[in-house]
Amino acid sequence: IEEKLIFEMGNPGAVAVDLPEPGPVDLDRMGGVRKRADLALPDLSEPQVVRHYTRLSQKNYGIDTGFYPLGSCTMKHNPRLSEKVARLPGLADLHPFQPRQTVQGALEVIDQLAWWLKQLTGMPAVAMSPAAGAHGEWCGLMAIRAAHEDSGQGHRRRVLVPESAHGTNPATAAMCGYSVDPIPAKENGRVDLDALKAKLGPDVAALMLTNPNTCGLFESEIIEIAAAVHGAGAYFYCDGANFNAIVGRVKVADLGIDAMHINLHKTFSTPHGGGGPGAGPTVLSAALAPFAPVPYVVSGPDGLELVEGRREGTKPFGRVKGFHGQFGVFVRALAYILSMGADGLRQASSDAVLNANYLQARLGDVLTPSFDGPCMHEALFDDRFLKDTGVTTLDFAKALIDEGYHPMTMYFPLVVHGALLMEPTETESKEALDQFIAVVRGLAEKAKAGAAEDFKAAPRHTPRRRLDETLAARTPILRWKA
Amino acid sequence: IEEKLIFEMGNPGAVAVDLPEPGPVDLDRMGGVRKRADLALPDLSEPQVVRHYTRLSQKNYGIDTGFYPLGSCTMKHNPRLSEKVARLPGLADLHPFQPRQTVQGALEVIDQLAWWLKQLTGMPAVAMSPAAGAHGEWCGLMAIRAAHEDSGQGHRRRVLVPESAHGTNPATAAMCGYSVDPIPAKENGRVDLDALKAKLGPDVAALMLTNPNTCGLFESEIIEIAAAVHGAGAYFYCDGANFNAIVGRVKVADLGIDAMHINLHKTFSTPHGGGGPGAGPTVLSAALAPFAPVPYVVSGPDGLELVEGRREGTKPFGRVKGFHGQFGVFVRALAYILSMGADGLRQASSDAVLNANYLQARLGDVLTPSFDGPCMHEALFDDRFLKDTGVTTLDFAKALIDEGYHPMTMYFPLVVHGALLMEPTETESKEALDQFIAVVRGLAEKAKAGAAEDFKAAPRHTPRRRLDETLAARTPILRWKA
Amino acid sequence: MRYLPLTESDRAAMLADIGVKDVDALFRDVPAAARLAEALPLPRHQGELEVERAFTRMAGKNLSAGCAPFFMGAGVYRHHIPAAVDQLLLRGEFLTAYTPYQPEVSQGTLQALFEFQTQVAMVTGMEVANASMYDGATACAEAAIMACRVTKRRKVLLSGSLHPHYVETTETSLRFTEMEAEPLPPDPLGLEDLLGRLDGDTACVVVQNPGFFGGIRDLRPLAAICHELGALLVVMVAEPTSLGLFDSPGAMGADIVVAEGQSLGMGMNFGGPGLGLFATRDKFVRQMPGRLAGQTLDVDGKRGWVLTLSTREQHIRREKATSNICTNSGLCALAFSIHLTLLGGTGFTRLAELNHAKAVQLEQKLSQVKGLRVLPDSYYNEFAVHLGDEVKAAEVVDRLVDKGILAGVPASRFYPTWPELAPVLIVAATEMNTEDDMDRLVAALKETLS
Amino acid sequence: MRYLPLTESDRAAMLADIGVKDVDALFRDVPAAARLAEALPLPRHQGELEVERAFTRMAGKNLSAGCAPFFMGAGVYRHHIPAAVDQLLLRGEFLTAYTPYQPEVSQGTLQALFEFQTQVAMVTGMEVANASMYDGATACAEAAIMACRVTKRRKVLLSGSLHPHYVETTETSLRFTEMEAEPLPPDPLGLEDLLGRLDGDTACVVVQNPGFFGGIRDLRPLAAICHELGALLVVMVAEPTSLGLFDSPGAMGADIVVAEGQSLGMGMNFGGPGLGLFATRDKFVRQMPGRLAGQTLDVDGKRGWVLTLSTREQHIRREKATSNICTNSGLCALAFSIHLTLLGGTGFTRLAELNHAKAVQLEQKLSQVKGLRVLPDSYYNEFAVHLGDEVKAAEVVDRLVDKGILAGVPASRFYPTWPELAPVLIVAATEMNTEDDMDRLVAALKETLS
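Residue numbers (my numbering), protein chains in the order written: chain R, 1 to 482; chain Z, 1 to 482; chain G, 1 to 450; chain H, 1 to 450.
FYI, nobody ran anything at the bench for these hints, they're computed from the structure.
C-beta atoms are modelled at their ideal positions from N, C-alpha and C, and glycine is treated no differently.
Each hint should be verified, as a subset may be incorrect.
Straight-line alpha carbon distances no greater than 35 angstroms define the calculated DSBU-like cross-link-like pairs of lysine-lysine that follow [what the hints assert, rightly or not]:
(1) Z:Lys456 x G:Lys302
(2) R:Lys84 x H:Lys403
(3) Z:Lys481 x G:Lys320
(4) H:Lys365 x Z:Lys4
(5) H:Lys365 x R:Lys118
(6) G:Lys320 x Z:Lys251
(7) Z:Lys456 x H:Lys302
(8) R:Lys118 x R:Lys4
(9) Z:Lys199 x G:Lys302
(10) R:Lys456 x H:Lys403
(11) R:Lys387 x R:Lys186
(12) H:Lys21 x R:Lys199
(13) Z:Lys84 x R:Lys446
(14) Z:Lys35 x Z:Lys84
(15) G:Lys320 x R:Lys4
(16) R:Lys118 x H:Lys152
(17) Z:Lys84 x H:Lys320
Among chain R residues calculated to face chain G with C-beta under 8 angstroms, some are [what the hints assert, rightly or not]:
(18) Ser45
(19) Pro99
(20) Asp468
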């Protein structure tokens, strides 16, 4: 059944919310701008609304419905306990400006989570308020720029970013007034240390590097990289999108990193929600800690308190968003961390890496792995195995949909031709992986057997088949109109 | 994707519930029967379990996903508020044997709901504990039998039941030691009053009648029927499955009824849950009230209290289930009633009847309505419109599935050939009915145009197509085996 | 009125299509004397906010178990329910689905019921189980009736170990029938002589294990005698998590096992809804009451599930049905099944061990209370205690409420006419009880009993 | 460890297939110096029961809004959220879905976002809206940046009516760029002269309506001047339910409307996550930051939705993107949209009228408090009050906490260096406030201020 838009449904006068009669409107208090035009919002009853959104949801895929072999996105199981505790009235029904004595428990949540993030990374400070990964990147780069300005190094305006980086990295650098300079990779998929050294100079503010990198590999020379960056007077920003591979197995501080954001909605299992809300707390080295943005939680004589302005010895670069960070996301992340514990978190990263290597090992003879040796938590293949089949990476991915899977990440990282990047995560069972492997092998054989037309026609069993993205961009229809 | 049975999944040692180490087992306190055999239950992790049940749910149809034109079952919208309040810890986390002073609010819920049920029916008493409709029927008939035994009329063992009755009616009568005597209907679908009178006699204990009846018609001579039954020294039991048609428009007490169960999971919108839990409180006339089962709530000097034994002036026929009734269902039903109020409940029955008559009017020219004149909350058609098409009522219903609808009730009531019974309920919009009408008209035309093979092959788009019920019954496989 | 989609203009258009002036015209078959001209003079509709406030007010008048050290059992147990259970139950496709009579659009419910039946059969040690009854009490009554049907005998012996609500419900069910219930006196010490009461008229013996007063017994000798005499052994399990620790009733020779399933997946909810479990041997399956999901094939040869053997049921068999049950406890069965699936074999065993360990710990702590003695010498997670000859347990419970403790269930609530049971209190301990809870109970008891 | 499906035997089998001895071997690319040999010495894994207890303990240290008469606003508002909103959000297909880059398996999210965009455009009176930003503060900053991009100017004038957190966030965002923020002093009386500060360098003026201190203004004159000078008018709405009562910013001439969407669909959650709304005119759409869902056709010619115009975004455009935003507030946008759909046009208007009526009632009651004066002469559901020259609002708030009342937000929290604002308290009233709440506040204020 086709599901109409809400604007095509309903009848004026229907209600799904019963409200008491407000009485006559007091025009004296309305500043002369009482609404004159009808908003044209549709009127529906509760049964219609519940059915509408239930049906819409049925057109979606989620972790609850199946496996997401998505690279760089850590789509893992979202614990139900987290949703439950986040709804406790004592945590959910709090106003951010309540007096301190009435929110000690909420401040404790923030403080405890901050403690865990510092412990797990070995870093001395963490800025809790960034709202998502890209926002955390910005927070980290702002701290770096503030530190440079503070030490008279404001002329440093170049940021080095590998070509394989997430698009957010260069975009973030630009937002801080930096220019972006790409650095090349070696054949083994890692940063070319010599090339990096050659790019370093007195105008370089920072290196932004993802580690494990977007090819799913650990930057094995990272300690040397950090030394070179520091030696040139620059800071080392690490994109933490792939932190899930190393939690509890590597302390970020030991790698020489100055700042790294942590995607709570990836590594710490808070739901993606179809695109947010996320949270991107950013750990900072001692050199950058004084520049951390407000607010932050400290322990004082009367319990925990929020610092919202400048304090002795600190030079916050500002405020990055309203209020005190993604509190609802913090609750969920802390619930996950307390549930897993140090032992569970280490086991999780171990299993994530094991699962990825298992995929790589079991698929390596039919697909074409891009690099030799073990991967971290994601396995990267390129499209050589599709050569001369007429099937593209995109076709291959869309064919997976008809087999009941979300596609893997395609065409990223850009450094590999027709990339297929797969991150199984630790919450997939061996059984689920074995099924997936069998399906992928079957499709690869089918592609080689010359079934390009079949692939081009996929997906067939979805609510919609392939959609015309060019049409959408050429003639944008971005809202319903009567 | 096929979803395996849980017994075909998992691996020994996986857990989805982390429990503390219990320590060594104290064998001294185990009566010598410590478990010796492995239970063979499968071990799974939380991600696997959540995905399993999410996927199973996706193979189901529900009110939230679409329209149920099911006769005699009142599948209406289930309010979300009811689910929310039922989960308040102060209502959900209560033990039935807590001391009275700690459960005054819970007793108030029962008392308030009982008050509303009595007000809405005009009846002086209500037995709250029956767990479902059939259980309420049994409660009513037990009260009737107890009353007869008490007044020396224990020899009355015959119960009159129309042929169109729900199967539970005769089954219930049998459980009370009664024999069942069918009474015929007139051509207009109502009880034949003269035939009824002829069947009445000194050995008749009760009449069981559904009103509005299972043909969707109000028993227009019901007052005369009641008078005749009472005149013969028998009691009048009314099956309240169709109460939704008349709430707030007719007081049951004014019809001369002695007992009627109320399906809270139909009329008062508590969820069916794929087959329960329901609740079947049974209202009783003054003559039957003293025989009501325990427990019940009364107001005493120290607040509300539960009566669980025999009290002065009462002669309870016993206890019908454990504890104090379907409390969780009561909370939901009361939330619905308070939300609707007297005005809303009357509007609901009016709209339910309006919707059914609208279906009957808009489909009456292509299907064959079984009776003339207005119906109550359900419209009844027979299969004459399918004559010579080769399409059966069953085929027609299964074809509806492929159009996105749950089938209507088929082959019931038995008094009509190839019955199609449709109850739209008041929570369907005109828009939804218009869509449904268009689909049914289309199918009817298609059937008449000679597409029997297409109908026989339906449904095509469901997780399973037509299932072999004969095979299931002939070689029962009622559990998984290794 | 947020649940009603029709607007006044819809209604007018529909009445015009039907060809009547107003809705009243559609009610013309109702005798005029019985027609209400307007809405009843009762409260009018209210918004969510107002209704929620009303329930919050009523909830506030209760002392919820989470707000007190809590030791109540006696047929309803407080366990930790994993958060996933409720969130899955709330899915509209489960919550708002109808009984799965149309299998093509109900494979979710049907497969879940098939899994449930299997789980119930496994944990009870039986061959087959149905898709649920209303609750333990009604399941117990249905078992007695079924035993009479199977044996063609009429006498049902009810052990003194059986929960008094199950006894009463079974007695009520047999009232006005050819069958007869013979209840034995309450048996706090587990001394009753069931064997001596058996004879050739006995259709079945119904015993509860663990018993109402907490005791565990080995049922093998009783099963042997029953079978020798041609009677059935019906075993009732009021606390199904105990099946993770003890030999199953099936392994001990039961012919029918019934149980209250509330412990798994459901909150206490002031005692309802419950979940009746019902399991038996294959040879009795056609005598069994209740709905059954069965495996079959669809026209494409794929495995699927349907409701089956419905010729036993009322909607086909009418007055000859094995029971009149129709709506049962589908969603509760699903809750039970999800919880048990989450536990798995490993978790189920561990949960049972943990409950037993908590009860052992509680016994040890209670032994510090002078004059108090624990009655059964074996138990699962609850046991009856005798508080001293002159002590009334119900009064002690009231005094402990004043200290914010829900101490247990006094036997006098069920046996008001048995003075020797007045000092008896039934206390339970589950994984929910902390050591601090127990210490608070013991301290309060010491103070109250001194 | 309940979230990890692999068992030891799985791990062994997989390692064998990979051909390594143990998992450590897979980490061989990590420099040895940085490898941790074992788990960190931190707390170990815990069960649900223990974790739930930890959070219940922390929750118990807070005074939740439902437990007190509550009058706080200042950017976060307490409204009644229909129960359906949260139960729909909890559906795994929404909750656990990824960003809808693969449209064939994401039509649910995409259609909902398309509806959301339309709703936002409708209520703000604009032509087009994006699929959400993080929150109001970051949306405000993005609007300022976009205005500079559109006008190719660098000066951003921030009104004293603007929430101080929005001011600070915008200032931070412009720091280290060519752009420059000019914040005006706090303006509790609505007297600031914005017009006089405008010139040919001004990229935009950002005003908030209703203002931070509650006042409402007619923005038409300001819009006219802005457009005359080639500047954009950016209007911030901190309380979107106000749009049900007042002329929309679009109708008054705004070029960009940004808002905090928390009021609809979301709880307060101690201030996060929020929901940034962002709407503008069609002609600026390619300068707009953030994700957009757009309508298109599939290969069968059926209407469907995709993410579109992504060439503006960082994953295509990298350092030339309109913003670096990636993950946004999808689920919050869904919550907002479901709540607004439930309200409909009729309910949205009524809710706004009700909020205004509550505030009028509160003003009337507060007029009984001697020395207290309400500052703005027009308002929606909140306004600043002056408690008396010598009074410190923050101290009053603390004293009212002792009486169990959450009285409002003291202006000094944001403006500690402005002594004239020390007596100013910002109070809000919504549909959640009963008359009794208000009477308790007034009584407590009388007592405290006397």
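Structure-based check of all given hints:
{"no.": "1", "hint": "Z:Lys456 x G:Lys302", "in the structure": "18 angstroms, holds"}
{"no.": "2", "hint": "R:Lys84 x H:Lys403", "in the structure": "30 angstroms, holds"}
{"no.": "3", "hint": "Z:Lys481 x G:Lys320", "in the structure": "31 angstroms, holds"}
{"no.": "4", "hint": "H:Lys365 x Z:Lys4", "in the structure": "65 angstroms, violated"}
{"no.": "5", "hint": "H:Lys365 x R:Lys118", "in the structure": "50 angstroms, violated"}
{"no.": "6", "hint": "G:Lys320 x Z:Lys251", "in the structure": "34 angstroms, holds"}
{"no.": "7", "hint": "Z:Lys456 x H:Lys302", "in the structure": "29 angstroms, holds"}
{"no.": "8", "hint": "R:Lys118 x R:Lys4", "in the structure": "48 angstroms, violated"}
{"no.": "9", "hint": "Z:Lys199 x G:Lys302", "in the structure": "51 angstroms, violated"}
{"no.": "10", "hint": "R:Lys456 x H:Lys403", "in the structure": "69 angstroms, violated"}
{"no.": "11", "hint": "R:Lys387 x R:Lys186", "in the structure": "24 angstroms, holds"}
{"no.": "12", "hint": "H:Lys21 x R:Lys199", "in the structure": "40 angstroms, violated"}
{"no.": "13", "hint": "Z:Lys84 x R:Lys446", "in the structure": "50 angstroms, violated"}
{"no.": "14", "hint": "Z:Lys35 x Z:Lys84", "in the structure": "40 angstroms, violated"}
{"no.": "15", "hint": "G:Lys320 x R:Lys4", "in the structure": "49 angstroms, violated"}
{"no.": "16", "hint": "R:Lys118 x H:Lys152", "in the structure": "42 angstroms, violated"}
{"no.": "17", "hint": "Z:Lys84 x H:Lys320", "in the structure": "48 angstroms, violated"}
{"no.": "18", "hint": "Ser45", "in the structure": "4 angstroms, holds"}
{"no.": "19", "hint": "Pro99", "in the structure": "24 angstroms, violated"}
{"no.": "20", "hint": "Asp468", "in the structure": "32 angstroms, violated"}
Checked against the numbered hints above, the structure violates hints 4, 5, 8, 9, 10, 12, 13, 14, 15, 16, 17, 19, 20; every other hint is satisfied.
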